[in-house]
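Spelled out, the chains give:
2 protein chains.
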Amino acid sequence: MAIKRNNALSVTRREDFSKWYQEVITEAELAENSSIRGCMVIKPYGFAIWENMQNILDNKFKELGHHNCYFPLFIPINLFEKEAEHIAGFAKEMAIVTHHRLEQKDGKLVPAASLEVPLAIRPTSELIIGESMANWMKSYRDLPILINQWCNVVRWEMRTRMFLRTTEFLWQEGHTAHETKKEAEYETKTMHEVYRWFIQDILKMHAIPGKKPEHEKFPGAIDTFTIESMMQDGKSLQAATSHYLGQNFAKAVNMQFQARDGSLQFAHTTSWGISTRIVGGLIMSHSDDDGLNLPSSIAPYHIVIIPLFKGEKTQQEILEYCKKIKTSLPKNIRAFIDIKDVPPQDKKWAYIKKGVPFVCEIGSKEVIENTIFFTKRLSNLERFNLKLEEFITSIDELLEQHNKILEERVLQTYKEKSITASSFEELKEFFVEHDFGFVTANWAGSKNNLELLDNLSVTIRCIPLLQNNSPGNCILTGEKTTMEAIFAKSY
Amino acid sequence: MAIKRNNALSVTRREDFSKWYQEVITEAELAENSSIRGCMVIKPYGFAIWENMQNILDNKFKELGHHNCYFPLFIPINLFEKEAEHIAGFAKEMAIVTHHRLEQKDGKLVPAASLEVPLAIRPTSELIIGESMANWMKSYRDLPILINQWCNVVRWEMRTRMFLRTTEFLWQEGHTAHETKKEAEYETKTMHEVYRWFIQDILKMHAIPGKKPEHEKFPGAIDTFTIESMMQDGKSLQAATSHYLGQNFAKAVNMQFQARDGSLQFAHTTSWGISTRIVGGLIMSHSDDDGLNLPSSIAPYHIVIIPLFKGEKTQQEILEYCKKIKTSLPKNIRAFIDIKDVPPQDKKWAYIKKGVPFVCEIGSKEVIENTIFFTKRLSNLERFNLKLEEFITSIDELLEQHNKILEERVLQTYKEKSITASSFEELKEFFVEHDFGFVTANWAGSKNNLELLDNLSVTIRCIPLLQNNSPGNCILTGEKTTMEAIFAKSY
Chain D
0 MAIKRNNALS VTRREDFSKW YQEVITEAEL AENSSIRGCM VIKPYGFAIW ENMQNILDNK
60 FKELGHHNCY FPLFIPINLF EKEAEHIAGF AKEMAIVTHH RLEQKDGKLV PAASLEVPLA
120 IRPTSELIIG ESMANWMKSY RDLPILINQW CNVVRWEMRT RMFLRTTEFL WQEGHTAHET
180 KKEAEYETKT MHEVYRWFIQ DILKMHAIPG KKPEHEKFPG AIDTFTIESM MQDGKSLQAA
240 TSHYLGQNFA KAVNMQFQAR DGSLQFAHTT SWGISTRIVG GLIMSHSDDD GLNLPSSIAP
300 YHIVIIPLFK GEKTQQEILE YCKKIKTSLP KNIRAFIDIK DVPPQDKKWA YIKKGVPFVC
360 EIGSKEVIEN TIFFTKRLSN LERFNLKLEE FITSIDELLE QHNKILEERV LQTYKEKSIT
420 ASSFEELKEF FVEHDFGFVT ANWAGSKNNL ELLDNLSVTI RCIPLLQNNS PGNCILTGEK
480 TTMEAIFAKS Y
Chain G
0 MAIKRNNALS VTRREDFSKW YQEVITEAEL AENSSIRGCM VIKPYGFAIW ENMQNILDNK
60 FKELGHHNCY FPLFIPINLF EKEAEHIAGF AKEMAIVTHH RLEQKDGKLV PAASLEVPLA
120 IRPTSELIIG ESMANWMKSY RDLPILINQW CNVVRWEMRT RMFLRTTEFL WQEGHTAHET
180 KKEAEYETKT MHEVYRWFIQ DILKMHAIPG KKPEHEKFPG AIDTFTIESM MQDGKSLQAA
240 TSHYLGQNFA KAVNMQFQAR DGSLQFAHTT SWGISTRIVG GLIMSHSDDD GLNLPSSIAP
300 YHIVIIPLFK GEKTQQEILE YCKKIKTSLP KNIRAFIDIK DVPPQDKKWA YIKKGVPFVC
360 EIGSKEVIEN TIFFTKRLSN LERFNLKLEE FITSIDELLE QHNKILEERV LQTYKEKSIT
420 ASSFEELKEF FVEHDFGFVT ANWAGSKNNL ELLDNLSVTI RCIPLLQNNS PGNCILTGEK
480 TTMEAIFAKS Y
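Top to bottom, those sequences are chains D and G.
Mapping to numbering that gives the first Met the number 0: the first sequence position 478 is 477, numbers consecutive.
Mapping to numbering that gives the first Met the number 0: the second sequence position 100 is 99, numbers consecutive.
Where hints are given, some of them may not hold.
Computed footprint of chain G on chain D, listed as stretches where at least three residues anywhere in the stretch have a Cβ under 8 Å from a Cβ of chain G [to be verified]:
1. 88-98
2. 117-123
3. 147-155
4. 219-233
5. 423-430
6. 475-481
Hints were generated in silico from the structure; no laboratory data involved.
Note that the coordinates shown come from a computational prediction; the quantities given were computed from them, not determined experimentally.
Note that the Cβ used here is the ideal one computed from N, Cα and C, for glycine as well.
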């Protein structure tokens, strides 16, 4: 039976999406602001989610032949002079180290010992990694070089928001060098598909894989591929990108190798990354007015067991039964017994807000009847009673159902908040009326009349890989084209 | 049969330990210097070793109830004003961010947009983590708080050396807060023992667990516990430390909680860490004149299989047999078949220099006879021939023997390079004669006459946990004492 009840959070998505987002994060204890402008603290529960994501991606990267490395945090600022587009894209947002000592002066600490060449904190590592790769390759036999690093990067953002846009963030950056254009393009697309798989199949988020228009590419890239994901408010999140860099960066750092014909050639490089931003996307995709929701792939706990010490059974008997439940579960199930000295109802709501799929409450009744009493996070918090044995044998299926609901919700949101438009007027009307959503429309690919979109705060998110090839007129220029693009507001 | 042969490296430990150390690193492809002063690039093979170390430690930390988090890279410099000893210890070596933009000026990039409060790059995170913890605790029910982070830190070292002392390094830093002094001291000692276990039992390195003398403590700590490890040249490496911080840092950041009696109390905190420095220690403990050696616990590969395409069997038949070997091995064995287009002899020597315990060469003969021909890295590179089945069933034992040899060598080095001294003259004579080694001697614990040691470049490494309680006179002051300390040169 469905129970009419108050929401666990004080604000709903409908009332104030942005405030709701903050409350989900606070109540699930994912992260908090630090005393340093734009930098957040990722708390244990938030970090456990990121760690689970890391494990899944890291295994996949390794399976595909990539090796992890570590490159310096610092980049001498004169190295940026080598790639004009790249520096133009990043110069405005770099933290710069100019000194290497602190000294007491008039009772206050001040920077001392200035550096000859100031150092930027990496905003991304194409140049510094490229410098090393250039030393690692002599002939085509040394290629491909396939590496990745998990690290922190800094981009001095003016407006920050937890997970989505922070001054410092964590990410992985893959960097590869290849003998031929074809191989590098193949790598770019392979990693693009890995991200599609991760975001859609593993995280159960909405995903449109596509190519960025020229004016939205990574600074210095030939092609940028993106996963655009619709959030519940109908805005788009650029969730991961994969870049084909051509020979641009190879030329900047003189990355050459002896080709099969004996000639000296510049390598073709790629880079690709996904960051803690995806945690923000996950929150905005699945959470509801009771807090966070998580797909089973990355949920720190699938099941939390809360002992209720009351009734005819002793504390010890109840605890024994809780342990029996935990040890009876299949090995792939992450279960946790919470014995903290906190009222059981408080615990239960804390775990609901943390998005634990199944919160079990175990008291004397359950011990006697050999049952499990549990709340399903995704069925309007309905509570169920199952024989222990039945619960154990059906847990995988229960989690499947849980994931299925997440998938369906995301699909439903996309259906409700996306249209196809055949003219700019139609697109404009949609955004003026709704302030959200994805519009698919013909676009011929030029830079002309993009300012029409600026006025609506809408951008071209991507040219989807999956094209309908339906002929029409570009909604911005009127040119005939079969190409379609996705137009949306974005994070 | 032992083969008389040249060493794989161009320089021996005896000839030039420091040059030899560099060559082990270069030839095993562990790391290289970057273009940034004092910062190194950790290459795939070196990083794989670090990752294996991380996994073992991370599991142990979690087993003991710690949770991973992530805290900002930046620390506002005025936060350091709160802990006088701490800043005195770190001020001279901190990288300071003063600007957050680059601008073109006369064709050159220069820092622009200066920060109101400059930011230090974390040299360690007691203060910034303490600030958060202070917000997380209201009452004793919220304690203990047990957290850890894996991250990069920066200490602007003047003289750097790969792994051992680099401007930026990777580490884990555990930070915990407790209700009572007793609990915090217990945590400090527990983590100290975890490091002892890791260094001695897992890495098979030499380890003396002990307490740092007053003048060698972590800046701001009450007690610092250390693992001192003798390297092959007889010098000591401080391999990991665990600090009891008392209420010093709690007071600096106002970390208070409501105690059981209702009063407001400052928490007792600890911190403990181990860094990529341990990779340097591992190299100096086990490597020989043929290059690196690794205990099986963290070796990226236990076995490398090199196919030799010659003789009556086809390439495919030989490869099939190599795959059969790999898939027949127990799941815990990390095996790799190297099919790169490189002469087999070059491959073999590359893996010997990388410290792979068993390098197998598989050609037609082995396929026909169903055998394995392999080189034991630790038996003077002797080569053995075993029936495949026998190799498979004895591989765990072979690795045990391999580890045993590492252990015995380390023990032997310690025996050869350590003495007990009953007077300062005796200690002096030893260091003047040998320039290396550990001296155990009575020491009463005061700061008096420490300058006698300075002249010898010797320091008191630790007061070992294991004390013989033999009465004697302090070799520095002549006071009667039963306390013993370890005196040595160090990295």
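Here is how each hint holds up against the structure:
no.	hint	result
1	88-98	holds (count 9)
2	117-123	holds (count 4)
3	147-155	holds (count 4)
4	219-233	violated (count 0)
5	423-430	violated (count 0)
6	475-481	violated (count 0)
Violated hints for the displayed structure, listed by number in ascending order: 4, 5 and 6.
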